[in-house]
Every structure is written in structure tokens, then in C-alpha cells.
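Protein chains in written order, with the working numbering: chain A, 1 to 366; chain B, 1 to 366; chain C, 1 to 366; chain D, 1 to 366.
Treat the hints as calculated values from the structure; they're not laboratory data. Hints are not guaranteed to be accurate.
Below, a sample of chain B positions facing chain D; criterion: calculated Cβ distance under 8 Å [what the hints assert, rightly or not]: (1) Ile9; (2) Gly29; (3) Gln147; (4) Pro166; (5) Phe169; (6) Tyr193; (7) Gly214; (8) Leu266; (9) Gln306; (10) Lys307; (11) Phe351; (12) Asn357; (13) Asp359; (14) Leu361; (15) Phe364.
Far from chain A, some chain D residues (derived; all Cβ distances over 10 Å) [as the list claims (entries may be wrong)]: (16) Ser82; (17) Arg118; (18) Leu266.
All of these numbers come straight from a predicted model, not from anything done at the bench. We put the CB at the ideal spot given by N, CA and C, even for glycine.
Number of protein chains: 4
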Amino acid sequence: MAGSTFGNIFKITTWGESHGRGVGVVVDGCPAGLPLDESDIQKYLDRRKPGQSRYSTPRKEEDTVEILSGIFEGKTTGTPISMTVYNKSQRSRDYSGIAGYYRPGHADLTYDMKYGFRDYRGGGRSSGRETIGRVAAGAIACKVLNQLGIRILTYTKAIGPIEITPENFDIHQISESPLYMPDSQAAEKAAHYLEECIHSQDSSGGVIECVVDGMKPGIGDPSFEKLSANLAKAVCSIGAVKGFEIGDGMAAAKAKGSQNNDQYALSPEGGIQKLTNHSGGILGGISDGSQIILRAGIKPTPSISQKQSTVTKSGQTVQIEVKGRHDPIIVPRAVVVVESMVALTLLDMMFASINSNMDNLIRFFS
Amino acid sequence: MAGSTFGNIFKITTWGESHGRGVGVVVDGCPAGLPLDESDIQKYLDRRKPGQSRYSTPRKEEDTVEILSGIFEGKTTGTPISMTVYNKSQRSRDYSGIAGYYRPGHADLTYDMKYGFRDYRGGGRSSGRETIGRVAAGAIACKVLNQLGIRILTYTKAIGPIEITPENFDIHQISESPLYMPDSQAAEKAAHYLEECIHSQDSSGGVIECVVDGMKPGIGDPSFEKLSANLAKAVCSIGAVKGFEIGDGMAAAKAKGSQNNDQYALSPEGGIQKLTNHSGGILGGISDGSQIILRAGIKPTPSISQKQSTVTKSGQTVQIEVKGRHDPIIVPRAVVVVESMVALTLLDMMFASINSNMDNLIRFFS
Amino acid sequence: MAGSTFGNIFKITTWGESHGRGVGVVVDGCPAGLPLDESDIQKYLDRRKPGQSRYSTPRKEEDTVEILSGIFEGKTTGTPISMTVYNKSQRSRDYSGIAGYYRPGHADLTYDMKYGFRDYRGGGRSSGRETIGRVAAGAIACKVLNQLGIRILTYTKAIGPIEITPENFDIHQISESPLYMPDSQAAEKAAHYLEECIHSQDSSGGVIECVVDGMKPGIGDPSFEKLSANLAKAVCSIGAVKGFEIGDGMAAAKAKGSQNNDQYALSPEGGIQKLTNHSGGILGGISDGSQIILRAGIKPTPSISQKQSTVTKSGQTVQIEVKGRHDPIIVPRAVVVVESMVALTLLDMMFASINSNMDNLIRFFS
Amino acid sequence: MAGSTFGNIFKITTWGESHGRGVGVVVDGCPAGLPLDESDIQKYLDRRKPGQSRYSTPRKEEDTVEILSGIFEGKTTGTPISMTVYNKSQRSRDYSGIAGYYRPGHADLTYDMKYGFRDYRGGGRSSGRETIGRVAAGAIACKVLNQLGIRILTYTKAIGPIEITPENFDIHQISESPLYMPDSQAAEKAAHYLEECIHSQDSSGGVIECVVDGMKPGIGDPSFEKLSANLAKAVCSIGAVKGFEIGDGMAAAKAKGSQNNDQYALSPEGGIQKLTNHSGGILGGISDGSQIILRAGIKPTPSISQKQSTVTKSGQTVQIEVKGRHDPIIVPRAVVVVESMVALTLLDMMFASINSNMDNLIRFFS
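Next up, chain A with everything else stripped away, as it sits in the complex (with noise of 0.2 Å):
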């Protein structure tokens, strides 16, 4: 199938694996006039650069974006912008192995049953270099979505156990901590939870929370179109996640309806405020105005040095022991990507809102 576009409207198009010449997006239905050029892509993009701590892969990938269409004069034209990061560290490695068996917690063996073969060079299209498309195209839709007043916060919410506490939430913490945790206490324990992992050659999970400031109400549909489902979707197709959580998530499936429901009164200003937001910003499938929440669960990296029992393709059971650096955690470099699905998400959502009513349809075409 053809399962490398997201979004109908603003939509993208990602290509690219892990040891082939590079990677790459086009953005299509980007508005004309949107000032933009390659720093903005660069500032997302080294955000889910490895190499940022002890924690992620040492090896040094150095990407940089180039646009090669849909600019004029430094202002988007409303056609798709093609953007390409060129693979630089394609160093010649041994194969041999990996190419004849099946990594456990890798896709290796859907591959082949899929496609007949795989290019076994480091995962291929399902390489976590797959998400640089992702990203270069997310930090286009979070500039259009703050030209509007929306703003997206991503950050890590737990890794393996460990998570961080209200009330040690200090925005501030998120850019400073290499993991991406806005709890400098929770950091701290997480960082020694990480060490264990690396001793271990084992590796940790964890959780990625995203909040959404100054949406406008009135976006998602009440059915199949919920913007909780397409928020859903999008998440959940970044590789690795296994679970997905709007506002309360699994935890409203404990609760009572009298500690799930949220209630209104009027605000000071006269306006209408939910005094709680169990919910996460969306009823009915629809956008309320207030803050949506969400959460990504991610699984542990599957690349560990452990001896793990696999099979090879000529049908034998063996003992195997992945080598090569991998990051114990890919979390803190995943936030990004949710941050970027989830501005993909948005837009194309809003921008599928305009027939919502005549008064607007008028408005708009008059």
C-alpha cells in the first residue's frame, strides 16, 4: 500500500531509510506567504539529534535540511516544499549477520513476510531516521499553528518507573535536561535508572506527554473523524508506541462519572470554564477551546546487547547479542516526533473545519 502520506489538506509525504542516500518530505498545501527558511527546519530537526547526551547513540549524523522547492523570496508560494536530509554517516559495516536472522522487537520478520526481502541495513524504512521527514514537516505546521496562537508542549512524562510529579513541574527543566523532563528530581532518579539499563545492556521505556495551549473549539467531527481518533493515529504511528492517552486516558476507565465529568460555571470574564479538564480538551470528538492532553506510551528500545533466542532465515534457532551503539532510551528524541504528529494533526484538522457552518462558509468566501 501507499502508507507514506498523513493528512489530507496539509499534507506530507516521507521517504527515505536508513542507509540509503537520504531521507526527505514533501509538505503539500503548505499556505502561501508563511515566511520560512532552513533554520526553522534546523532548530526541530536538532532536537531529535543523537548524540545530545550519554543516553543516545555517540555516533555523530549531523543533520542538515535542505529546501529544494516551494520557496520564493523567503515566503512559502503554496507549493510543496521538498525537503531532503542526505544520510552522511553510511559507514561500510559487516551485515552478514543481521541480514540472516531476525532481531526480536524488530520489524525484520513482518518485512519479509510483507515485502519478500528486506534491506537489512539498520531497519530500513522502519528506522527512527524515518521520523526526520516527520519533523522537518511538524516544525512547518507548528509555525503556521503559532501564526494562530496555538502552542504545542512535549516532554518526557516517565521513563521505565520513574515519573516525574506536579508538583515538581518546572517548564524550564525541559530544554535544560537531556532527557526532556520538566522535573530536575525525577530527572536526577531517571538518569540513574538509565545507568542501571546501560550496565545491564538492557534498555527503557517510557512516556511522552503533549499539551496544547490556545486551540481553537470547534475542530475534530463527532463521528469516524474524532480529533481524539486522527490525534490517535497519528501518534500511534510513530514506531515504537503502544499505547495512546487523551486527557485521562486508561485511568477515566477507574473513575466514577462524578469525578470523570467536567463541570462548567461561568468565568470572571463572563466566558464558560471547565473546573476540571479530565477530558483533555475534546468532547464528542470535538475541540473545546481549553488545553488538550495526550500521552504516548513507548516500549523499550528493542536493540540490546542481552543474548536473545532468535531464528535465522534458513530455520534455525539461535542465541544472538545485537552489537553496535543504540540508545538505551530513544524517549527524550521521540518527543519531537510526537510534538511534530501532533501539529500535523491539528492543522489539518482545522483546516478541514471551514464547512462547519454557513456563517463561517459566508465569512470566509465573501
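Fit chains B, C and D to the known structure of chain A by using the hints.
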């Protein structure tokens, strides 16, 4: 926007409100030659019928489906299958209260924000009755899947804090229990818990689990159209779903790689078997042919008779009690809805897989 | 495949066969707040009604539309509008002949090739009755367009070799003439021509022309989603259409650049005016705000009573005569179908244009 | 809107402007295991290269394609194939004139209307260079089709008023003639005609015809997704196309049923054969396995050196002469573009047909 269509190749379009003339669905892309009559559909609709137990609303809805097109001489013709269920229990009732304020936990406010006004009678398009079209279509998808050897089992995993236990799991209890719980002890406890909820004019959430057997391998795509991402959207498009998990779900975030990886070994018959199934049957977004396992976290019914604070359209804070016959829990009735959405997703994505490799393609077109 | 849905944001899904229980359409993405009732739809359906003249089938179909959802207190709610027209004139008839052989010019053979079998009663899904859903939906699209100042005029331009002449063009004749021809002299000649066709047990093709006034500029996209390309698909999706022309159409292929270019000059009011309109209101796939002009070439009705050679399912060449009351021409009844498809296309593409430039976007969302 | 993506299952996304850094395409949904390298693509690109004859612009574009992803060890991997052609002949040039006024017949005015401003260097996204991505993708589609036994032949049918004649049709002349005309006498006359156009600083339109052999039967859908409707959109999405015909096209509108119906008889081998092919291989929107025949009417090149009236951005009527090296006709270079769009459409619709009937489906998935 146009959000009432789901699927690309096996495509359904639902319509109807709780208090209009009826609800229905058009199923397009169903293969020709499938034996089908109304009883195939009715069986599934009866599973979501209210009044089955003390824990669902006692009102009798008698949802009888009529097939209006797409069948000739007992078989599908390959053209759209239109199905209608007329609304029968439209009692004239006083909606003057509900019309004037915004019920907490309902979509009343977001409808007004989006559309400028709303059909205030019983939730309109956000009513549980919207799921009738989904289930009628799901019944057809399930029948096609069954012919291809794929079977879906769905049940209540938890009600409030009461969860089934693996050691008591008994598949036969699902159809025995009005709560669709495959654990008679848990079901008994859950019944007590719901009695308490009713007594305190409150409601409960819960968790639904779905297991797919016989899934074809190689379905799904490595990037945005991961099978897991599409299942996430499908499940989260059901009203009241606040969380989605595939395989170990949010628990994977707390695990280490050595625990979470599914190792392989040769099966006695010489095939490849996974020693565990933490991934839930999907790796890199592609099915591996093992059991697909997923869960939906459902929030408590928002309609409760306890006093709640809200705001009127004319701008006053008021205390309301939502009267009427409301389910203290919707989880049991939603079981077949989750099953339907899973079936629709699997079938549509299988159809989208013909072009995975040249060998398949040449075989299919020769 | 699932081919019964048209449009992306204003989306319609049709269903039904000529000899099933009915035909219908679900219109999704209609803005909330549009005043709408069944009479708005009926007016359009009546324009495609048979039995209006000697040149359409004398059978009385009495196509009465029922709206089942999406309207509340006389206005659209923004949710799907489901409309059904029940088939009334299902006479029991002997189809044993038609079931056994393939009628020339009909889709009998291709249905068997695609689906393995077919509903042989009267053309099934390829019947002219399939257009009822299109017209019912088109009536709504036209009403929305009218509110935005856009009006569509559609008429018969030619019947067989008889064509209207610019000097005799009289808009009032369209509704006067059973042939919907805006030229009374041409209409008279065409009537004679059709008499001859009837007499010789033959049928005639023709050309339908459509002119759009008040179109918004800037609608359409430079690449695949040209407004002209979408109009081409919309019009060619009508059964019996074999050719499509925009502006000068096929004649442009014979022209020179100096003849075909539309030059500009300032209008007396200071705006830009085109001195000619060979382009038909679209340049580079994008509307320029001037009249959109397009034509559809319609083949002659395939059902004729003359002897024709064909083949039976059991593999014999036979000579057949297609009996029954058939239109000697479908062009007049297809006029409103072309108009409907044009309206649906224009509206959907206008909805897709909100993101053309940042100024529009900021204006819309502020 | 996002209009640079074509196809649903075999999906392409093009990008790039005439005077940006390059143009390209991402091909998604190509089956794995197709042998493919750059020479397969280059062959098709060379067919649209300028400077091949006196009738196309003498500038040398040297369009060399680079494949950046989706190929491993000489075969497609099933993941997106990204191809780039860098723009080489970007001469610095004075665009101050062109920037200030609207060229007749070009999209200058509509771009300003849509986007608020435009990249005025050489047509931007509406340049003929936009078709490079289409042709590169079309080359891949053709290779897949060839492996399935389907071959497409495309040629110039007419240049201005000069048309090929059936009696002189010689397939070998297509590649011999710089005009791609399969009739040496017509080609000679056309050459004279073009000399005249050049001499009078004018340009010519023409007609391209496309014939598909070996088409699979049963492809396409009875309603909106007719094969003919999709071909119409594909062909009309090419800049400068003003008319589309399938089979007899507009001539069918003048015909009688007895002339236009294709009668059947048993073939000597016992199969069904059509005695004529007025329908062009499609009935009811579905292919019948016979030759598909279609035509595109192409308008004359709008860039001519004759004086023309136009308007400046600052609101003055001026007389301009469009200087530069322009093709007096684009038809010969557009032949391979039509072929590409037809190939992309056929393949995508074949992929969408797997679900036509249960027998196919069970066969495919077993």
C-alpha cells in the same frame, strides 16, 4: 468536514441521530458473491441492544435492520449495501431544560461551538445510536473475515477497578454474562460495584479487550499507515474511548527491553514461533500472523443524576441533575462496537495490501 | 473497490439499483444552518423525471424523496443528510432473456467480468436511476453555492447533428422546451430528428453545456487537482459520457496561440477583464472568476429495438431486439445530472481552498 | 489545498518549480521486487526532453534523474522511491517585465488570485517541468504494467488542422518522427504547418491519442470511480489539455445507437469478441479487456512573440511580446506525459480491484 465515512477500499458511511427518523449505514466495497441476509446483521445488532440487563437502559429500542440495496438472490452484488434501522421509541418529551444548558461530559458545548446550534434531543449524532451503523457494517466485515479464516473475540476486561484475571479466564462466560466478562468471579464483583454506582446515582467506566486469531501476516505499512495506528484511530473514534493499547500497551513504557522483546524459536513443525506476544501481533506496524491483542479504555457514562454545576446558553451558572433512564455503564454494549471497528480496519487494510510485492501481484492478475 | 463516494470535504455516497427497494444518497460535510426541506430536493429530481415528453420513457416513476437525518427545525445540523427514494414501479417482468445474454452498449458483460454475476434486472447499478442520488445531493450543493452568489446554468447544446446557434440563444427556452434547448428553432429540428430515430427504432446522442456564473477566483490547484481535471472526472463519471470539454475544448487543438489566448484589458471599473473566454474560466487549473464553460458528449441510448448481434452466457451468437419503453435520447434528462456533478465539484474544491494563503487562514481563524 | 498527490494505492507526489533547485517525485505503493534502476526512468524522461527537434525549444535541459530511496540490490523494496532531477539551466535573467504583468494564456493571474503572489520566473509550478515527476513515476508504472502484460502506445494524432489518416498509420514512424506522428505524410504536412507558425510568431495545438493493449477486464467501478472518469481526470490534470475523449468521444454525441453500439459475436476460439470498439474498451465504467482508446486535446502554447494586450499589477493596460525560446507546439513532448498519466491511472485502479468478488479475494489470501 465529512467525518462519517470510514475505510478506503472497504468503506462505510453512517448517518442518523438518536431522535431523527432512523440511523443507517452504506457499506461500499464489499466483494460480490458473499451470502448475506438481514439475520447476519441482526445478530450483531442484538449484542448492542439495550435492556439486556439491569446495567443497561430498560428502554426497548427494537432495532430491526432493513437491507435496501446491494443484495441479489441472497448474495452481495459488489455494489453499495444500504441498511436502515428506523427509530421507534421517539417519545415526545420535554427537552426545554437540556436545550438551554450544557451537560457536563457530553458534547453539547462543543456542538454549539462547531455548528452554531444543535439538535438537543438526546445527543444527536453523538448518541450511542450512531454506533448502530458501525455494528451493521461490522457484521459484514466479520463475515468476510471469517471466510478468510480470521476470527475476532471481544469482551469486557475491566469494570471500574474490577478486572478479570488470567487464571479465571473462561471464554464461555462471555456470552453467558450480561457484562460480557470471561471470568465469573470478576463478573460477580463487577455486578456489585455497579449496584453501588446505581445506588449513588453514579456511573462507571471500564476496559474492553479484543483478540484476533488467524490474522494474515504482512498487513499494514511501516510509516503512517501502521496497522496499529489504524486500529488506534478506529477504536478511538468510538465515543467515550479515552485510551488505546496494543499488546502490552502503557505497561510497555515501564518495561525493559529484555522483558518486552518477543524472542523467536523454531516451532516443532519447523515454522517460526514467538516465545511471548508483548507486541500484540504487530511489529513495525505490520502484522506477523500471531494474535492481535488490543484494549480500549472507556470513560464512565456522563449522564448521572447527581447534582452537577453547569452553565446555560444565556450565561448563568446552574446546578442540574440529568434525569432519564441512563446506563450506569456502557462498556458491555460497546463490546460489539469495538469488535466491529476492529473488523472494518483489518479488512480494509488487507484490501490495501495487494501491491506489497510483485509475486503477489502477478499471481493475482494472472 | 468502493466507488460510490464523491468529494472529499463535501462528500456524497450514493446507493441503490433500478430494481431494488430504492435508491439514495448520504450527503456529508454540508454546513450547519442551511435552511433545507424536501421541496428543495424535489425540484431538482423533477427535472430528471421520465415521462415529461414524448422523448423520454412514458413510464411514471414518481420519485419522491424522503430526508431521514441531518435536519433539525428546518435547518441542516452539519451531520449527514440521508435521503431515500423508494422504487415504486417494479413490475414483475420476464428477465429470462436479458439474464442470459449481453446487451450491446450496456455494462452487462463488464459486470460479469468484474463481479462474477450481476443483477440483470434493468441495469442494476448502471441504471439511470443511480443518478437520483447525485441529483438529490446536487440540489443541496446548488443551494449552498447560491448562498455564496454562484449560479449554474445547464442545457442541451446539441441532439445528434442538430446544434443550437449563438444568435438564436434564448435562456427562457430552456425550461419551456422538453428538450431543455435554449434555441426554439434548433429544438424544433431536434424534435423532428428524434421522431425519425423513434421511427427507425434507433436512438440519438447529444451534447450538454454548462455555464457557471459568479465563480470565486483562486479555486483549484496547479497540479493534479486542477479544477478542470476534477470537473472532467465528475462529468465523465456520468454513464454515457464519452467526451469532456472545458472552454474551447477539442477545438483549441486546431487553433493557433494568437486565437486561443485570452487577452486582458482594464475594465471600465478598473478591474481586469478578459477580452475573450476561450479558456472557459480556468487557467493553470485555477478559476479566474469569469464564466466557467464546459460540455459533455453523450452517447446514444444503447437500448434500441433494432436487431443486434450478441452472445449468450452459454456461448452462442444470437440476434436480439431490446424490447421495452426506452428513451430515444437521455440527453434532456441528463442535463440536471451534469449540473449536479458540476455543483458538487465546485463546492468541494472551494472547501479545499481555505489553506491557499496565510492571510485567508488568519482571517478565517481569528 | 494539497494537489500534488495522484493515486490512492499506487500514489505519487510531485514537487518543484521551473526555476527552483530541482523537480522530483515520490512514488509510494510500488510493489517490492521490481528490478529498477535509473536507466528505466531516464528512457522516459528523454522522450519529453526539449531540443529534440526544431519544434521544441533549443535550450538544453539535460534532465538526469537520481533515485534516492526505495531500491536495494537493484530491486524495489516496497517503500517510497524518491527521485530528483536538479534544474541546471537557471540562467540569471531579467524577469522584471514578466513579474509586473499577466501573460495571456498563462496562469499568472490565477496564481496571484489564489496565493496572493507568485514565483514569476518561468511559470513556477505551472511550468512544463512539473511533468518531469509525472514521467519519472509513469516509467515505473509502465514497467509494472508491462510485467502484467499491459502495453501502452501513445502518439500525436493531430497538429493544428493536420490529422493522421488510418490508411497511412505506421507504428514505426512514431519513434522516427520528431513529432511522434505515426503517418509520414501527415508528419510532413504538420512540419510545414509549424514552420508557418514559427514564421508568423504563432503557436499550434494538437491531439494526442493513447491505445492500451492487454488491459485486464473488470477494472473500474460503476459509479463515480469509472475507469473512464479517472482517465479523464488524469489526462485533464496535464497543463494545456482542454478536451478528453474515450472511444468515439464527442463524435458519439452525433451518432445513432445502431452505429455506436458495439455488437458481440463468438470469436473463432470460442471467446466473446466485439465487432467494433466505439466504446474505447470501457462499458459502464469498467474495462472489458479490449483496447482502451482515448484522446487529449491540447491548446496551443500560450507563449507567442506576437503583440498581445494585457494588464499590469499596477493597473495599466499594456501591449506585450513574450520573448524567449518557446516551443511553437508542446504536443510532441506531451505524448509521454499522457502515457505516464494513463499508466498511473490503470495501475492504481487495478490495485483497487482486489475486492471485486469473494472468489478473487479467497484466492489471493489463501
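Hint check results:
1. The interface hint given for isoleucine 9(B) holds, since its Cβ lies 6 Å from the closest Cβ of chain D, which is under the 8 Å cut-off.
2. Restraint check, glycine 29(B) versus chain D: the minimum CB separation of about 6 Å is within 8 Å; hint holds.
3. The criterion of a C-beta within 8 Å of any C-beta in chain D is met by glutamine 147(B), whose closest approach is roughly 7 Å, and the hint holds.
4. Against a cut-off of 8 Å between C-beta atoms, the interface hint on proline 166(B) is violated, since the closest Cβ of chain D lies about 32 Å away.
5. The interface hint given for phenylalanine 169(B) is violated, since its Cβ lies 30 Å from the closest Cβ of chain D, which is over the 8 Å cut-off.
6. A cut of 8 Å between beta carbons decides the hint on tyrosine 193(B): the least distance to chain D is about 43 Å, and the hint is violated.
7. For glycine 214(B), the interface hint is violated, since its Cβ never comes within 8 Å of a Cβ in chain D; the closest pair sits about 11 Å apart.
8. Because the closest C-beta pair between leucine 266(B) and chain D is about 24 Å apart, greater than 8 Å, the hint is violated.
9. Because the smallest distance between the Cβ of glutamine 306(B) and any Cβ of chain D comes to about 47 Å, over 8 Å, the interface hint for this residue is violated.
10. For the restraint placing lysine 307(B) at the interface with chain D, the shortest Cβ-Cβ distance is roughly 49 Å, beyond the 8 Å limit, so the hint is violated.
11. At its closest, the beta carbon of phenylalanine 351(B) sits 5 Å from a beta carbon of chain D; the interface hint therefore holds under the 8 Å criterion.
12. Contact between asparagine 357(B) and chain D, as hinted, is supported at the beta carbon level, the nearest pair being about 4 Å apart and thus within 8 Å.
13. Nearest Cβ of chain D to the Cβ of aspartate 359(B): about 6 Å, under the 8 Å cut. The hint holds.
14. Because the smallest distance between the Cβ of leucine 361(B) and any Cβ of chain D comes to about 5 Å, under 8 Å, the interface hint for this residue holds.
15. A cut of 8 Å between beta carbons decides the hint on phenylalanine 364(B): the least distance to chain D is about 5 Å, and the hint holds.
16. Residue placement check: serine 82(D) does not keep its beta carbon more than 10 Å from all beta carbons of chain A (closest about 4 Å).
17. The Cβ of arginine 118(D) does not lie farther than 10 Å from every Cβ of chain A; its closest approach is about 7 Å, which violates its non-interface assignment.
18. Non-interface call for leucine 266(D) relative to chain A: holds, since the shortest CB-CB distance, roughly 40 Å, exceeds 10 Å.
Violated hints for the displayed structure, listed by number in ascending order: 4, 5, 6, 7, 8, 9, 10, 16, 17.
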